[in-house]
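Student: Residue-level listing of the chains:
2 protein chains.
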Amino acid sequence: MSLMRSWIESANSAKTDFPLNNLPYGVFDDGRGARMGVAIGDMILDVARVDHGLDHALFAAPEWNAVMAAGPKVWAALRARLTELLSDEAHRDAVEPHLIEVASARLLMPFRVSEYTDFYAGKNHAVNVGTMFRGAENALPPNWLSIPIGYNGRASSVVVSGTDVMRPWGQLKGPDEALPRFAPSARFDLELEMGAIVGQPSEGMVSVAEADQMIFGYVLLNDWSARDIQAWEYQPLGPFQAKATATTISPWIVTAAALEPFRTSTPERERDLLPYLREPSPMLYDIALEVGLTPEGRPETVIARTNYAQMYYSAAQQLTHHATSGCPMRVGDLLGSGTISGSEKDSRGSLLELSWGGKEPLALESGETRSFLEDGDRLTLRGAAEGDGYRVGFGDCTGVIRPARDLPNWAKE
Amino acid sequence: MSLMRSWIESANSAKTDFPLNNLPYGVFDDGRGARMGVAIGDMILDVARVDHGLDHALFAAPEWNAVMAAGPKVWAALRARLTELLSDEAHRDAVEPHLIEVASARLLMPFRVSEYTDFYAGKNHAVNVGTMFRGAENALPPNWLSIPIGYNGRASSVVVSGTDVMRPWGQLKGPDEALPRFAPSARFDLELEMGAIVGQPSEGMVSVAEADQMIFGYVLLNDWSARDIQAWEYQPLGPFQAKATATTISPWIVTAAALEPFRTSTPERERDLLPYLREPSPMLYDIALEVGLTPEGRPETVIARTNYAQMYYSAAQQLTHHATSGCPMRVGDLLGSGTISGSEKDSRGSLLELSWGGKEPLALESGETRSFLEDGDRLTLRGAAEGDGYRVGFGDCTGVIRPARDLPNWAKE
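Chains as they are written, first to last, in UniProt numbering: chain A, 1 to 413; chain B, 1 to 413.
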């Protein structure tokens, strides 16, 4: 596929994340209240104000949940109409008054997260972490090649790009300590992931093909993780407060429709999957990803470059597995892919892996090193599918680490 | 405290769950639409129709979330006004037209569950399960005496008493099998718990005293559990589909205010708690609990009798721990206590424990035995705090096990 041209010139650049081929959905506030918007080049279209051809009730609340709930026919109709409005000069006079410069707006959460599930479906990540914690011979848990392993996270802690992240307090116990202390996490980390947004509900089981059609779109996702809290708390029932401080998502929902030309297959199976998990067609996407780390007042270092195609399980497979027990899935559910690490050292999606548990601190361009995150560090995830002379990008997914809050008196010894 | 008398005679019986001392909050439908109700004796008060003295907007949706969000002063004002309306004969003529017989109404979910967290905070249960899975010497995980261990569950699967529960499908792998099968759970179980409902939000840490004030009320809770799905899936990230089929709650929210006379302390600490988890005053409640199992067409057997006072950690401690990492807590969050087992064999709150992992099938009064649940079994949780000549009860929390759905063609070999 090649670039689709718009009468908005900035959308025709090979460098913009937001050509006409993309049309991602977000929520913005330019000082006149929160509204639903569509990114196009350097502009945001105030979508409720144009002749979109849909029921106005879908745009009543500043969140994309109602449009998602309206279903795939509405999704297709809106995309077709927006493409028409933004490609055909004939609509320019009617549409132009409803364009706002991205630079003048604050981007808000694009949808209301119903529930948040995080998976562990990148094989390189699972092997790396397993090797560190259990040794190379027991790196992959016995169920890993059969189950897209997931756990429920906390929807209330999902925030949009640009939100500061406070270093968490928690129970920590070093290997040589008899008892835990209550202290700020000293091993606070990022996780480079993609998030899939469930746009249609289910009752009962759904096939992988059905699950794929239920997914409305994707975001970049940083699942901030306190490794020291996790080490002490996670047995036997899994991570809890280690993952509850914040999960940052990018501000634009890139629709499955926009990513369609970039479909690619999950890797060959090392163990046959059970029939319910088999994929009838390619269900991953070729999306180049990178992580930048910027110490306060210093230049950025890109610490990892990888690709969403590294996943062992697709979001559709995760969604299918999620519903096996009869678990109802809902509009606005967010599924984190799991950390996306490539096979090379500089393609690892977490500092835990990049510094090998802190044993090999990572050298930054500023001359500093990092084992885990320091206060003031800015993390930026970026991602884009590369077309012929254009790219379908996500916009930055950033967060700055702020110092732990003061300990309240009641929590002191 | 003694019985508070109402002009509704059925509320003055020592046997009713719902005397004037209780005034629990639910949602009902008598054929004229879902509305908010208050149980009193054999009747439900259609609370929005009486002179409740509050903003009518709090009663606009058939759920108690808006009242919860309005805060403790509103909670106290409503309780005081309802007590006045239902005790003083002078209000009888105005109130009586808005009473509906419980028997003529269907009870619905009393509130919208924001997120659901399940804990593992009953020590007898943790020791029993740990002994079965890891041996008596390693029964309690090292962190158990320091952390009220919890994991995030699935809010979408919480249902109200009376909802049928379909036996789940899932990946099962026996100890002698090389690979998993996809099959209906053969070790489907109940878990007797209490649920605490968060009525006020938080940002940042909250003390145990603050957490206690944030809790609006309590329900009985049955956390249905597929032990065989859990055994294969739960390492390393905890239970997922094993706990996602359904969680049943009782239909009435018994407020913290109604339970106030029944406060009791958590047991003596076997290891000092970190300061943030210490309780300034008694935070558990003396609530007698029982579980009845009724095979289809047969008489009921009460298979367990225990008490909420058996918990090692209170709901307030759980809530405090939940917020340590900065995790925002929200109105409508539901916290499951964890399975409440006493120290005696007949006080264990799950079949896993009662049948000791299936090795000692439980004899029922019908002459049958049970290791795990059979299709057609009706499970009923009951609970009440016993006052002087009255009881503050929860109403039945029931569910009937239905056969697993037919396997869709796409999931067959």
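In short, the hints are calculated from the structure, not lab data. Here the structure is a predicted model, which means the values were calculated and not measured. Incorrect hints may have been included.
[To be verified] Each computed EDC-like pair below joins lysine to aspartate or glutamate, with the alpha-carbon atoms no more than 20 Å apart:
#: 1; chain 1: A; residue 1: Lys-73; chain 2: A; residue 2: Glu-210
#: 2; chain 1: A; residue 1: Lys-15; chain 2: A; residue 2: Glu-360
#: 3; chain 1: B; residue 1: Lys-15; chain 2: B; residue 2: Asp-396
#: 4; chain 1: B; residue 1: Lys-173; chain 2: A; residue 2: Asp-388
#: 5; chain 1: A; residue 1: Lys-173; chain 2: B; residue 2: Glu-270
#: 6; chain 1: A; residue 1: Lys-412; chain 2: B; residue 2: Glu-210
#: 7; chain 1: B; residue 1: Lys-73; chain 2: B; residue 2: Glu-89
#: 8; chain 1: A; residue 1: Lys-359; chain 2: A; residue 2: Asp-176
#: 9; chain 1: A; residue 1: Lys-15; chain 2: A; residue 2: Glu-374
#: 10; chain 1: A; residue 1: Lys-173; chain 2: B; residue 2: Asp-406
#: 11; chain 1: B; residue 1: Lys-412; chain 2: A; residue 2: Asp-272
#: 12; chain 1: B; residue 1: Lys-412; chain 2: A; residue 2: Asp-51
#: 13; chain 1: A; residue 1: Lys-345; chain 2: A; residue 2: Glu-300
#: 14; chain 1: B; residue 1: Lys-345; chain 2: B; residue 2: Glu-368
#: 15; chain 1: A; residue 1: Lys-73; chain 2: A; residue 2: Asp-93
#: 16; chain 1: B; residue 1: Lys-345; chain 2: B; residue 2: Asp-396
#: 17; chain 1: B; residue 1: Lys-15; chain 2: B; residue 2: Asp-286
#: 18; chain 1: B; residue 1: Lys-15; chain 2: B; residue 2: Asp-51
#: 19; chain 1: A; residue 1: Lys-15; chain 2: A; residue 2: Asp-29
#: 20; chain 1: A; residue 1: Lys-412; chain 2: B; residue 2: Asp-272
#: 21; chain 1: A; residue 1: Lys-345; chain 2: A; residue 2: Glu-360
#: 22; chain 1: A; residue 1: Lys-73; chain 2: A; residue 2: Glu-63
#: 23; chain 1: B; residue 1: Lys-173; chain 2: A; residue 2: Glu-270
#: 24; chain 1: A; residue 1: Lys-345; chain 2: A; residue 2: Glu-290
Student: If a hint holds in the structure, say so; if it does not, say that too.
Tutor: Now the hints, each set against the structure:
1. This hinted pair checks out: Lys-73/A and Glu-210/A have alpha carbons roughly 15 Å apart, not beyond 20 Å.
2. Between Lys-15/A and Glu-360/A the alpha-carbon distance is near 35 Å, which puts this suggested pair outside the 20 Å criterion.
3. Our distance criterion of 20 Å between C-alpha atoms is met by Lys-15/B and Asp-396/B, whose separation comes to about 14 Å.
4. The hinted pair formed by Lys-173/B and Asp-388/A fails the criterion: a straight-line CA distance of about 47 Å is larger than 20 Å.
5. Restraint check for Lys-173/A and Glu-270/B: the C-alpha separation of about 18 Å stays at or below 20 Å, so the hint holds.
6. Only pairs whose Cα atoms come within 20 Å are accepted, and Lys-412/A paired with Glu-210/B is accepted, the gap being roughly 16 Å.
7. Distance check on the hinted pair: Lys-73/B and Glu-89/B sit about 26 Å apart at the alpha-carbon level, beyond 20 Å; violated.
8. For the suggested pair Lys-359/A and Asp-176/A, the alpha carbons sit about 17 Å apart, so the restraint of at most 20 Å is met.
9. Using a Cα cut-off of 20 Å, the hinted pair Lys-15/A and Glu-374/A is violated, with the two alpha carbons roughly 32 Å apart.
10. At most 20 Å may separate the alpha-carbon atoms for a hinted pair to count; Lys-173/A and Asp-406/B exceed this at roughly 48 Å.
11. About 14 Å separates the Cα atoms of Lys-412/B and Asp-272/A, which keeps this hinted pair within 20 Å; it holds.
12. Straight-line distance between C-alpha atoms of Lys-412/B and Asp-51/A comes to about 47 Å, which puts the hinted pair past the 20 Å bound.
13. Note on Lys-345/A and Glu-300/A: the hinted pairing holds, with a Cα-Cα distance of about 19 Å set against a maximum of 20 Å.
14. The straight-line distance between the Cα atoms of Lys-345/B and Glu-368/B is roughly 19 Å, inside the 20 Å bound, and the hint therefore holds.
15. Annotation: proposed proximity of Lys-73/A to Asp-93/A is violated, straight-line Cα distance about 28 Å (limit 20 Å).
16. A hinted pair counts as satisfied when its Cα atoms are at most 20 Å apart, and Lys-345/B with Asp-396/B does not qualify at roughly 23 Å.
17. Under the criterion of a C-alpha separation no larger than 20 Å, the hint pairing Lys-15/B with Asp-286/B is consistent with the structure, at around 18 Å.
18. Of the supplied pair hints, the one linking Lys-15/B and Asp-51/B is violated, its CA atoms being roughly 29 Å apart against a limit of 20 Å.
19. Note on Lys-15/A and Asp-29/A: the hinted pairing is violated, with a Cα-Cα distance of about 25 Å set against a maximum of 20 Å.
20. A threshold of 20 Å between alpha carbons decides the hint, and for Lys-412/A with Asp-272/B the separation of about 14 Å falls inside it, so the pair holds.
21. For the proposed pair Lys-345/A and Glu-360/A, the alpha carbon gap of about 11 Å is at most 20 Å, so the pair holds.
22. Between Lys-73/A and Glu-63/A the CA atoms are separated by roughly 19 Å; this keeps the pair inside 20 Å, and the hint holds.
23. As the CA atoms of Lys-173/B and Glu-270/A are separated by approximately 18 Å, the hinted pair is consistent with the 20 Å bound.
24. Note on Lys-345/A and Glu-290/A: the hinted pairing holds, with a Cα-Cα distance of about 13 Å set against a maximum of 20 Å.
Taken one by one, the earlier hints fail for this structure at numbers 2, 4, 7, 9, 10, 12, 15, 16, 18 and 19, listed in ascending order.
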